[in-house]
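Working from the sequences, and respecting the hints, build out all of it.
There are 2 protein chains.
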Amino acid sequence: MTELLRREPNVISAGLGLLADAAERQAARVTRVDWKPPMTGVEDDLVTVVGDPRRVAANAAAVERMLGVRAQLVDVLPARAALGLSAGEFLHAGPPVTWDRASGPLRGAIMGATVLEGMAGDPQAGAALAERGAIMLDPCHAHGAVGPMAGVISPSMWVFALEDPASGRRSYCSLNEGLGKVLRYGAYSADVIERLKWMSASLGPLLQAAVRAGGPIDVTAILAQMVQMGDEAHNRNRTGTLMLLRDLLPSLVQAPFPASEVSSAVAFIGGNDHFFLNLAMPACKLALDAARNIPGSSMVVAMARNGTDFGIQVSGTGDQWFTAPALTPEGLFLGSYGPADANPDIGDSAITETAGLGGFAMATAPAIVRLVGGSVSDALATTRRMYEITLAEHPLFQVPALEFRGTPAGIDMTLVVRTGILPQINTGMAGKVAGTGQVGAGLVTPPAEIFPAALRALALTVG
Amino acid sequence: MTELLRREPNVISAGLGLLADAAERQAARVTRVDWKPPMTGVEDDLVTVVGDPRRVAANAAAVERMLGVRAQLVDVLPARAALGLSAGEFLHAGPPVTWDRASGPLRGAIMGATVLEGMAGDPQAGAALAERGAIMLDPCHAHGAVGPMAGVISPSMWVFALEDPASGRRSYCSLNEGLGKVLRYGAYSADVIERLKWMSASLGPLLQAAVRAGGPIDVTAILAQMVQMGDEAHNRNRTGTLMLLRDLLPSLVQAPFPASEVSSAVAFIGGNDHFFLNLAMPACKLALDAARNIPGSSMVVAMARNGTDFGIQVSGTGDQWFTAPALTPEGLFLGSYGPADANPDIGDSAITETAGLGGFAMATAPAIVRLVGGSVSDALATTRRMYEITLAEHPLFQVPALEFRGTPAGIDMTLVVRTGILPQINTGMAGKVAGTGQVGAGLVTPPAEIFPAALRALALTVG
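Protein chains in written order, with my numbering: chain A, 1 to 463; chain B, 1 to 463.
It is worth saying that the hints were derived from the structure and are not from the lab. Ideal placement from N, C-alpha and C gives every residue a C-beta, glycine not left out. Just so you know, not all the hints are guaranteed correct.
To be verified - Looking from chain B toward chain A, a few residues come up when the C-beta cut is under 7 Å (computed): (1) PRO37; (2) MET39; (3) GLY230; (4) ARG246; (5) PRO250; (6) GLY270; (7) ASN272.
This is the structure in structure tokens:
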């Protein structure tokens, strides 16, 4: 000790900088370690879970299963047939929610869907139906499905069916309607319903014919390519949409439909840069569902929002949702809309971040800052930060700007709790008043408190 | 002076580091200026040209005219009609060249074209024809046209016609055949000729019908978008090709052709990531032709290679070519090919670099290093370096990775001569033996000596 004091001090400081500052003022050499304490009150559960002898192997298995899935578009068909939905059964985004707690955009989408289904003459009558319990609501996630924003899937809507050829498992998602005034953002005006009717009457059957004739389309392969072409597969799906169109075309133009109908369909798909989102999402869902229910695994397998609550599911805790009130995104607004118009975070689309895309892959899509705000260096920093809370680097989703490093994939909730770094999500923003539609796009995180809650539940499973 | 020596020395050093090194060894504070002398023997001409009172306004006009052009695809038609080519008249890439000096790939392409045109029964007979002067050769550039690699355009080939709506001027380019064994790389086997025949009999007429029915396609707008999606429009045209397909589709599927023929066409275009190159090139040609013939301007308006010589044309010196032997690219090779198989640099495609794309835009297309070699940081550094020799930042070609800075556009040959920095071109590599096809892709520059020669010619125009 005396020996130590005789030599030049060499200070290594972790945590708060008070001591380091003082030592530096006395001209000592100081090395600062970037360290923060874990979230408050989680120490015991963290010790239990990190010490769980099952954990390392369980997380390795979760990663391996997630990365092993290839998602192929194998069919397009009505939700009635694909998901066994009966009249009055509607699916929605996020964790379970009832009409009385539903947000404006979710209510708007449900109201519109009642009109589409012929259950109500107008949206207000649909609201009355829902009010008196005539609509059965259940999360998409509970049915192997996902839906962007409100995520409402009603029986007559058509859905994409994706399949993992190795396991035969399937996932489902609605067809994308475009931007602005659309049902998934809570709009329900006559043109919204008209478009949905055309999608069920013409677009869906045409896509079905093309996919059935042309054979499976490798959605995972398109995802791998688009990540090298400026898309992060959540709010940029421009090249993904174009590649889908390219792959569908040879059979689309030979489908037994009038040329004018084919022409309308390709113009609709080509005119909607987000069309591919509804294939990216179920591809991520299919990958993450493979990693569910592994005892001891702390990997997050779903992040989803219903506009009221944000919920996560974790591999080692089965189908249990850990929820808290959803935060409101910050970002850029359309037209004259502003922060006061924005509904809290909504949609199943955070499944992309859960799988290593979206906000986690922003480094590969610097142009996205024009949509969601921030600078290009923020986008790069976001992806770099997400490596701190993930278990793997996705071997197929390579970021050229990071010298082809794979995107950070597979959120380990113990790392979130340990570092306090929250998953970064980029997202569209819905108007909070039912019927409004999209008001902007921005950035958001889950509410921090759901991670300690999930950790507690996992800790209780440790023997 | 005595006063100076009494104070602490503060050295600013330019050029060689000898003096700076010595001063630093004596603990003086040294600021090094990154300075190199100009190219050898150019001092007098540089003084003349830089002192030319016309120069600043002339270059400003050249930039303004180049940036003011919008290139629209307005028609697709046979070269016979578009360019007035008669039987036996062939266009080729680069500055003028005769058969006896022509490189292997250019000879191969000419030989194949004689078979396509029905002038010869086989490629060898075609060579004999050319040998005895039966083929009239002229540069594409002299006819408002450009062609990638060998760039051979013969009368029966179909070409894209691009038009600048403000001026009514047009430019032309052949249709892209794909990669590997193709005529433009000097291959002439039966399948190459078969494909070209199909392109003239089916693809060309179908594209003509689609463009004429659907109306002009804004090629400049597609270029602006693809630069934000990982394409640099020379060796990456993936999203450009997909956007072209998207824009053509609605009228393509309604064209009065059998569905099977439409299906083959979209599969061909969709299966060839380089299809859009042949629209990017004439769009650049159209922009640069607007900047020709401005007295006193030192802006480069064409860089082109015929496989033997590399040539440039400069605005202030009219149609005069300044040429020297082309260098051989360095990069990555296909299959078992190696450096010994590569022909010297060939093609009109360096028109993309001349307009601020290709090698000049590599920062926006980091994935290109997988094709042409180098690292992602090299790609970023290349674009940054090209700002040193260019007059403008292209307002439409914005690089997200550089916080949306415009690409370096409009090469000023006085800056090239002054700094010694040569334009960076990325390019495909043709096999040097006629008939081979593509052997790789890589990086190359013009031979340095053409710039002092062009400077001398411009200096002679100064009154």
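Of the numbered hints stated previously, which ones are contradicted by the structure, given in increasing order?
1, 2 and 7
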